[in-house]
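With the sequences and hints as input, model every part of the structure.
Protein chains in written order, with my numbering: chain W, 4 to 334; chain H, 7 to 318.
One or more of the hints may lead you astray.
Said to hold, decoys possible - Interface residues of chain H toward chain W, partial, derived using beta-carbon atoms under 8 Å: (1) F14; (2) R17; (3) V18; (4) W65; (5) R86; (6) S178; (7) G180; (8) L272; (9) Y275; (10) A277; (11) M280; (12) G281; (13) V290; (14) G298.
Said to hold, decoys possible - Covered stretches of chain W, as calculated for chain H (at least 3 residues, CB under 8 Å): (15) 44 to 57; (16) 75 to 81.
Stated by the list, open to error - A few chain H residues that don't get close to chain W, going by computed Cβ distances all over 10 Å: (17) P70; (18) A141; (19) D215; (20) D216.
By construction, these hints were calculated from the structure, which means they are not laboratory data. Here the structure is a predicted model, which is why all the values come from computation and not from measurement. C-beta: ideal position from N, C-alpha, C; glycine also.
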Amino acid sequence: MAARAMQPGPPEEMTIERNDVTTDLSVDIAGVRLANPLMPASGTCGYADEYADFVDLERLGAFVTKSITRQPRAGNDYQRVVETRAGMLNAIGLANVGLEAFLTEKVPLLRRLGVPVFVNVAGTTVEDYVAVAEALEDVDVVRGVELNISCPNVRAGGIQFGTDPEQIRRITGALRSVCRRNILIVKLSPNVTDVTCTAAAAVDAGADALSMINTFTAMAIDVERRRPVLANGTGGLSGPAIRPIAVRMVHEVYEHVARQAGVPIIAMGGIQHARDAVEFLLAGATGLAVGTALFVDPGVLTHLQDGLADYMRRHGFTAVEQVVGAVPVMR
Amino acid sequence: MRTSRGVFAARVAAQRQLCAEHYRLTLSVPGFPASRPGQFIQLLCRPPYASSAPRELTWGPDSPPQLSDPELIDRQTMLRRPISLAGRRDSGDASEIDLIYRVVGTATRWLTGAEPGAELSVLGPLGNGFAPRGAGEAVLIGGGVGIPPLLYLAETLADGGTNVTAIFGARSEGLMPLRVDGAAVPREPAPSPCIADLPPQARAVLTTDDGTLGVAGTASDALLEWLRRREGGAAGLTAYCCGPEPLMRAVADICIERNLPCQLALERYMACGMGTCQSCVVKVRDTNAENGWAYKLCCTDGPVFEAADLLW
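In structure tokens form, the structure reads like this:
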């Protein structure tokens, strides 16, 4: 391929075959051991029921549910998604079955997965978040709460909590005292000037792990009809288009906040191929979540595992932790 | 357990341009699960990256993937495109599916260049199909790119002994996605065997908005006139419809007014097709809900809905 021939060749050491070493893909997320770093991003795999036809769910490192709110939510009007260059916009509006139906109808399915489950929790008031997190303390299969304070597609709550360090401190602190058994993962918004400020606020208030990033607030306009394409007006941009920004943000938070604090990062933002997954590990991530690519290829997580193992063998890495943050800091 | 739906490697068996905007694509899909008319597939409208591992980049020691692979090499779409099944043939383990698509953008334009033998990735079959009501008489109302699923349905209905009348419309003669016997096309809503893509016993009325072929007007206008002329009106009939939303709304109104059972295959923008992205919502009557309605998903609850249930 002409485009490839013009690229500089790989450095010499990259060509060394090291198939004799064993490759351990397992990682530790704040005390929860995952068989591998790969998991679906919240909202892209439902509650696992829909994907059973396509994927060996037991091969996932962890399962992350769609956002759960205290009460059921119908979500936004149609149209909710549109494809853009190397990405997509969505404005689903946290449509979900609500806490009660989640506990009675969805948890039994999640129990059968045999992998740790992280439940993404959303709300409009601190009390809402606390009520849901409290109920999840008693669900054995749940090992972590992912605090969604970064949804760009709901009018109240969501991103309002996620862009102000003071609010992040307040809500993370409130959840900290509720999450005794479950680990507390705070999902950060990229819609801020300096993501290390919001990351530091979450860590100061007791977050066990950070997941980053949620989608970028964005907009597409139908120029013929002269109105926004999405019924919600704006939406969240995801997919390969946002990957380089996500990599930069993960690296910044790793260097300035997470490494010193010993807080692991679960990274997401446009991962499609194994090289993208490796890129996030090198930037400083310990866990990896895939969203948009799952819509195209429901089997992508197992392919990424194989690709990651391949990479580690070729480079002589025996454990994922050795790859995490293994790039020089450029300043 | 994984037999009802999945991701399959397909090969292009044949592709033919039907009219100015529509193409008929036949794919050979070994092991494609049982399917029903009204179901659809999600088609990846770009080449799988490598035939051995279709979802991953080639990553050998001497050719590690570069930052620019693959998203900068070509202008390609990312998401799959939902396309309804227009027909299917099985012999032994071999299955062939027919798709009729309209060229509307980057994905479908790329698809027109897929040569026989090319590999494509198919996810499916998805959704609930039509629920045929046994023998009797059926009227199939289709508009434009909504016609293809009704061709598959006509075949299945005819096989089951149902009398099929098709009323198919397009904007103009050059946009009719069908093989038409021009000499046999009636200029009034009196069905005739004028479409080669329908079972031999089926009869059809064709309409064009501009009157260049068949009856001038829309398919819903022709349905009204055909019902008026029909002995017994709507009695003993079941209607099945797919097409642009204005046509489907008109047909739904006509059928509801006459107590004529009517199933509609809807179209929505969707990302996954598997029930997870929650984007393809349809407003449906729900007496259990506080406000009297609920969102259903076009991909897994549909794409076929009863006309009487729809709030659109």
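Hints and how they fare:
Because the beta carbon of F14(H) sits about 11 Å from the nearest beta carbon in chain W, more than 8 Å, this interface hint is broken. The beta carbon of R17(H) is not positioned within 8 Å of any beta carbon in chain W (closest approach about 19 Å), and the interface hint is therefore violated. Interface restraint check for V18(H): the shortest CB-CB distance to chain W comes to about 20 Å, outside 8 Å, so the restraint is violated. At a threshold of 8 Å, the smallest CB-CB gap from W65(H) to chain W is about 6 Å, leaving the interface hint in force.
Taken as an interface hint, R86(H) checks out: its beta carbon lies about 6 Å from the nearest beta carbon of chain W, inside 8 Å. Annotation: S178(H) was flagged as interfacial toward chain W, and the flag is violated, the nearest CB pair being 21 Å apart, outside 8 Å. Proximity of G180(H) to chain W is violated relative to the hint, the smallest CB-CB distance being about 23 Å (cut-off 8 Å). A cut of 8 Å between beta carbons decides the hint on L272(H): the least distance to chain W is about 11 Å, and the hint is violated.
About 6 Å separates the beta-carbon of Y275(H) from the nearest beta-carbon of chain W, less than 8 Å, and the hint is met. At a threshold of 8 Å, the smallest CB-CB gap from A277(H) to chain W is about 4 Å, leaving the interface hint in force. Checking M280(H) against chain W by beta carbon gives a least distance of about 5 Å; that is within 8 Å, so the hint holds. With a cut of 8 Å, the hint placing G281(H) at the interface with chain W holds, because the nearest CB-to-CB distance is about 4 Å.
The beta carbon of V290(H) comes no nearer than 12 Å to any beta carbon in chain W, farther than 8 Å, and the hint placing it at the interface is violated. About 12 Å separates the beta-carbon of G298(H) from the nearest beta-carbon of chain W, more than 8 Å, and the hint is not met. Counting residues of the stretch 44 to 57 of chain W whose beta-carbon sits less than 8 Å from any beta-carbon of chain H gives 9, enough to reach three: the coverage restraint holds. Note: the stretch 75 to 81 of chain W has 4 residues with beta-carbon separation from chain H under 8 Å; the three-residue rule is met and the coverage holds.
At roughly 5 Å, the least C-beta separation between P70(H) and chain W is not larger than 10 Å, which violates its mark as non-interface. At roughly 33 Å, the least C-beta separation between A141(H) and chain W is larger than 10 Å, which holds for a residue marked as non-interface. No beta-carbon of chain W is positioned within 10 Å of the beta-carbon of D215(H); the least distance is around 20 Å. Residue placement check: D216(H) keeps its beta carbon more than 10 Å from all beta carbons of chain W (closest about 22 Å).
Checked against the numbered hints above, the structure violates hints 1, 2, 3, 6, 7, 8, 13, 14 and 17; every other hint is satisfied.
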